[in-house]
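Start from chain A and add chain B according to the hints.
If you read the sequences in order, they're chains A and B.
Per my numbering, the first sequence starts with residue 5, numbered consecutively.
Per my numbering, the second sequence starts with residue 16, numbered consecutively.
Mixed in with the good hints, there may be bad ones.
[To be verified] Not close to chain A: a few residues of chain B, all C-beta gaps over 12 Å, as computed: (1) 27; (2) 29; (3) 30; (4) 34; (5) 40; (6) 48; (7) 50; (8) 53; (9) 70; (10) 71; (11) 74.
[To be verified] Per label pair, the in silico range of CB-to-CB distance: (12) A:16 / B:33: 35 to 45 Å; (13) B:43 / A:51: 36 to 46 Å; (14) B:43 / A:143: 18 to 28 Å; (15) A:118 / B:16: 19 to 29 Å; (16) A:114 / B:74: 26 to 36 Å; (17) A:80 / B:77: 35 to 45 Å; (18) A:143 / B:31: 21 to 31 Å; (19) A:71 / B:77: 35 to 45 Å; (20) B:71 / A:114: 37 to 47 Å; (21) B:16 / A:102: 35 to 45 Å; (22) B:38 / A:7: 20 to 30 Å; (23) B:17 / A:6: 32 to 42 Å.
Calculated from the structure, these hints are not laboratory results.
As the structure is a prediction and not an experimental result, all values here were calculated from the model.
Ideal placement from N, C-alpha and C gives every residue a C-beta, glycine not left out.
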Amino acid sequence: MTWTEKMLRSPFMSALCMLIVGYTFEAAVYPEHMPDWMVRFKYVPGVAFIIVWILVWAVHNLRHPDRKIRFFHYLPPEFREEDEGQAWTTYRACRTVYIFMYTAIPVAMLVMALARDVPYAPIAIMSLLGAMQCVLFWREMRKWARRDAER
Amino acid sequence: MLRTRVRELRARFDWSQDDLGKKVGVTRQTIGMIEKGDYAPSVILALKIAAAFGLPVEEVFFLEESGDQRRSHE
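If we strip away everything but chain A, and leave its shape as in the complex, we get (with noise of 0.2 Å):
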């Protein structure tokens, strides 16, 4: 896999994404909440990681035309379905994203009741929810490509 495919889809480029759309919205949404910098570069964070991904995205499919990469697809790309080995390794992902959402989701929503006084707690918490399950899916992936690189 070259650099370019390894980087678009790589979880952390999602938990990125869902870092900055977090970032953004308090920013945006909050103003009177943040520190002054974070509202003054608000969309600085968005607009580069768009650039750095488009710039990317475009490199990848105009050098590797056979293995391109969908602009908009409603499958996440650090999904990996090229053969049934690869099915597996994301279907054991998805199950252990799975089994930390089915904890996390209603301590999430505990945290937000006790925190209602908070107005911007709600949006951190599922910003760092979402990168929070790419993290944990990046982990199971390579945890199952260390297993590979034993042999």
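Below, chain B without anything else, positioned relative to chain A:
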């Protein structure tokens, strides 16, 4: 538990995991997981792997019986 002779046969044919993967249409990583016993392949893939070695599937993949199962057969 599913046991496999894929690694042994691959060594006999002097094929890399990548070579075998290309012959049966899967990635090298999938062959690695099958050899380690992490992943039990589908019937179709097992048949393709056995065909690549020119052997019946039961000579490439077989069940390792536990002690209890073996006693019940006896």
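Now for the hints, and whether the structure bears them out:
1. Its beta-carbon lying about 17 Å from the closest one in chain A, residue 27 of chain B satisfies the requirement of being farther than 12 Å from that chain.
2. Every C-beta of chain A lies more than 12 Å from that of residue 29 of chain B, the closest at about 17 Å, which supports listing it as non-interface.
3. Residue placement check: residue 30 of chain B keeps its beta carbon more than 12 Å from all beta carbons of chain A (closest about 15 Å).
4. For residue 34 of chain B, the requirement that its beta carbon stay farther than 12 Å from each beta carbon of chain A is met, with the minimum near 15 Å.
5. Consistency note on residue 40 of chain B: stated as away from chain A, yet its beta-carbon is not over 12 Å from all of that chain's, at 7 Å minimum.
6. The beta carbon of residue 48 of chain B sits about 5 Å from the closest Cβ of chain A, which is not more than 12 Å, so the claim that it is off the interface is violated.
7. Listed as outside the interface, residue 50 of chain B is inconsistent with that label: its C-beta sits roughly 7 Å from the nearest C-beta of chain A, within the 12 Å cut-off.
8. A Cβ of chain A approaches the Cβ of residue 53 of chain B within 12 Å, the least distance being about 6 Å, so the stated non-interface status is violated.
9. Residue placement check: residue 70 of chain B keeps its beta carbon more than 12 Å from all beta carbons of chain A (closest about 21 Å).
10. Against chain A, the non-interface label of residue 71 of chain B holds: every CB pair exceeds 12 Å, the least being about 21 Å.
11. At the 12 Å boundary, the C-beta of residue 74 of chain B stays outside the reach of chain A, the nearest C-beta of that chain being 22 Å off.
12. Look at residue 16 of chain A against residue 33 of chain B: about 27 Å separates their beta carbons, and that is not inside 35 to 45 Å.
13. For the pair residue 43 of chain B and residue 51 of chain A, the supplied restraint of 36 to 46 Å holds, since their beta-carbon distance comes to about 39 Å.
14. Take residue 43 of chain B and residue 143 of chain A: their Cβ atoms lie about 22 Å apart, and the range 18 to 28 Å holds.
15. In this structure the supplied range 19 to 29 Å is violated for residue 118 of chain A paired with residue 16 of chain B, their Cβ-Cβ distance being about 48 Å.
16. About 57 Å separates the C-beta atoms of residue 114 of chain A and residue 74 of chain B, a value inconsistent with the hinted range of 26 to 36 Å.
17. A beta carbon spacing of about 37 Å between residue 80 of chain A and residue 77 of chain B agrees with the range 35 to 45 Å that was offered as a hint.
18. For residue 143 of chain A and residue 31 of chain B, the Cβ-Cβ distance of about 28 Å falls inside the hinted range of 21 to 31 Å, so the restraint holds.
19. A beta carbon spacing of about 36 Å between residue 71 of chain A and residue 77 of chain B agrees with the range 35 to 45 Å that was offered as a hint.
20. A hinted range of 37 to 47 Å for the beta carbons of residue 71 of chain B and residue 114 of chain A is inconsistent with their spacing of about 58 Å.
21. Between residue 16 of chain B and residue 102 of chain A the CB atoms are about 26 Å apart, so this pair departs from the stated range of 35 to 45 Å.
22. Separation of residue 38 of chain B from residue 7 of chain A is about 28 Å and conforms to the stated range, judged on CB atoms against 20 to 30 Å.
23. As the Cβ distance of residue 17 of chain B to residue 6 of chain A is approximately 34 Å, the hint placing it in 32 to 42 Å holds.
Violated hints for the displayed structure, listed by number in ascending order: 5, 6, 7, 8, 12, 15, 16, 20 and 21.
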